[in-house]
Amino acid sequence: MSQELLINVTPRETRVALVDNGSLQEVYIERARRRGLVGNIYLGEVSRVLPGMQAAFVDIGLSRTAFLHASDIAAAEGLFDSKPRQTLPIQQLLKEQQRVLVKVIKDPMGSKGARLTTQISIPSRHLVFLANNPVVGISGRIEAEDERERLKQFAEQFLTQHPDHGVIMRTAAEGVSEPELARDWAFLARVWSAIAKRAVDAQPGTLVHEDLPLLLRILRDLPGEDIEHVRIDSAENHARADAFCRSFLPETGSRLVYYPGERPLFDLYGVEDEIQRALQRRVSLKSGGYVVIDQTEAMTTVDVNTGGYVGHRNLEETIFKTNLEAAQAIVRQLRLRNLGGIIIVDFIDMEDSEHQRQVLRALEKGLERDPARTRISGVSALGLVEITRQRTRESLQHLLCDTCSVCAGRGYLKSPETVVYEIAREILREVRQFDVERLLVLAAQEVVDLAMDEESDSFAELEQFIGRPVQFQAEPLYTPEQFDVVLM
Numbered sequence: 001m002s003q004e005l006l007i008n009v010t011p012r013e014t015r016v017a018l019v020d021n022g023s024l025q026e027v028y029i030e031r032a033r034r035r036g037l038v039g040n041i042y043l044g045e046v047s048r049v050l051p052g053m054q055a056a057f058v059d060i061g062l063s064r065t066a067f068l069h070a071s072d073i074a075a076a077e078g079l080f081d082s083k084p085r086q087t088l089p090i091q092q093l094l095k096e097q098q099r100v101l102v103k104v105i106k107d108p109m110g111s112k113g114a115r116l117t118t119q120i121s122i123p124s125r126h127l128v129f130l131a132n133n134p135v136v137g138i139s140g141r142i143e144a145e146d147e148r149e150r151l152k153q154f155a156e157q158f159l160t161q162h163p164d165h166g167v168i169m170r171t172a173a174e175g176v177s178e179p180e181l182a183r184d185w186a187f188l189a190r191v192w193s194a195i196a197k198r199a200v201d202a203q204p205g206t207l208v209h210e211d212l213p214l215l216l217r218i219l220r221d222l223p224g225e226d227i228e229h230v231r232i233d234s235a236e237n238h239a240r241a242d243a244f245c246r247s248f249l250p251e252t253g254s255r256l257v258y259y260p261g262e263r264p265l266f267d268l269y270g271v272e273d274e275i276q277r278a279l280q281r282r283v284s285l286k287s288g289g290y291v292v293i294d295q296t297e298a299m300t301t302v303d304v305n306t307g308g309y310v311g312h313r314n315l316e317e318t319i320f321k322t323n324l325e326a327a328q329a330i331v332r333q334l335r336l337r338n339l340g341g342i343i344i345v346d347f348i349d350m351e352d353s354e355h356q357r358q359v360l361r362a363l364e365k366g367l368e369r370d371p372a373r374t375r376i377s378g379v380s381a382l383g384l385v386e387i388t389r390q391r392t393r394e395s396l397q398h399l400l401c402d403t404c405s406v407c408a409g410r411g412y413l414k415s416p417e418t419v420v421y422e423i424a425r426e427i428l429r430e431v432r433q434f435d436v437e438r439l440l441v442l443a444a445q446e447v448v449d450l451a452m453d454e455e456s457d458s459f460a461e462l463e464q465f466i467g468r469p470v471q472f473q474a475e476p477l478y479t480p481e482q483f484d485v486v487l488m
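Take 1 as the starting number for the sequence shown in the UniProt record's numbering and just add one per residue.
If you're looking for bench data, these hints aren't it; they were derived computationally from the structure. Where a beta carbon is used, it is the ideal one built from N, C-alpha and C, also for glycine. Hints should not be assumed to be uniformly reliable.
[To be verified] Using C-beta positions, here's what the derived DEER-type ranges look like:
#1 R375 / G110: 17 to 25 angstroms
#2 V191 / E317: 27 to 35 angstroms
#3 S353 / R198: 56 to 64 angstroms
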């Protein structure tokens, strides 16, 4: 398996593409004007406690107050226990105007503010430092029992130095020597000490610790054994990444490659075209079928269609092959578009229960490699598959696009015929209310053309009925649905 990280850096934007065997899997984008907040630590002030929601709104200095649920408030002694921790009522945990140190775990999305936790954690390549939470956790992806025991013993040694704090051993810690782990721990302990000191003197709404920029954060979190090269198209940022790796990630530094080519890096690997396709509703399948993806406020819907695929045997086999191919495409699109929350997939109806099982298995197997937490239900009585996927940052569409100013996000417009009939009704309404000599209608060109051509007889009858002349004037800046009836 060959994976590469492609990093495109410009003064205002950093973009990272994860390419697996020539196929784009994930895209990360960070803009200078709108950097992500996940990982940042703030000294906040509780502005409102909501017992009915078991949550509080916290002012951390942003335009919108952030959201803190009772389950995300510290003292999480049961974080790694099999039994869930009992959460106290929010009014017993917080009060208004109380200062609280919080970490952002979800960026603001749409009209919602950031989501917070008081369970402060600071990650490095191999460890996660848990402030004021004296527990030990080992990544579930480390399966060898002797290695898990070795790492647990290391972690317990670290906790003897700082008994009030805890540690999670990340997947990358597997096989790493004790001195390297000790260096990571010492670094994280110094970072926490600086945070705690700044928080004492800070005013509410102050950013006391900012997470690394995308360029360095991606080097810290992503590169594993599967990633062969990290290609960076900026000499300055390649040097910056190299210095960071020499200090903290020596095993990653050898994989850094500076790309000096004249052809843009993302163009060379076809990433730009893939990003453009990821903004479209329709995803074509090699067989001739296709998938339609629609994002809504509440959920994302995915519809599978056979399209031009007619198969070679029978209808059931055609449907099965299309659904199987669609399952693989859907897995990729969820990661590429960064779709989160509730996802409803409408596969083509399958009569054979074995076919249903195989399609679900293909979906589950594909999602096993997804770093975001996912859960799949079986096929419902309506033939739908429900997926939930962890959402921590905005989707690619929300990040790169704005709501259409013409259709207001509906995805469709009233036909010129509909607008013409609305104009006729508005004229009748105005004439009944006001005494006017004539009327002037301002509308888009296609609406005026229809009114003066195919509907000219109708407006001639309307003029005769109201006893007043009606004139039309095309306005090039009007949207197809926009019109004004001017009384003269």
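Here's how the hints hold up against the structure:
{"no.": "1", "hint": "R375 / G110: 17 to 25 angstroms", "verdict": "23 angstroms, holds"}
{"no.": "2", "hint": "V191 / E317: 27 to 35 angstroms", "verdict": "58 angstroms, violated"}
{"no.": "3", "hint": "S353 / R198: 56 to 64 angstroms", "verdict": "60 angstroms, holds"}
The structure shown violates just one earlier hint, number 2.
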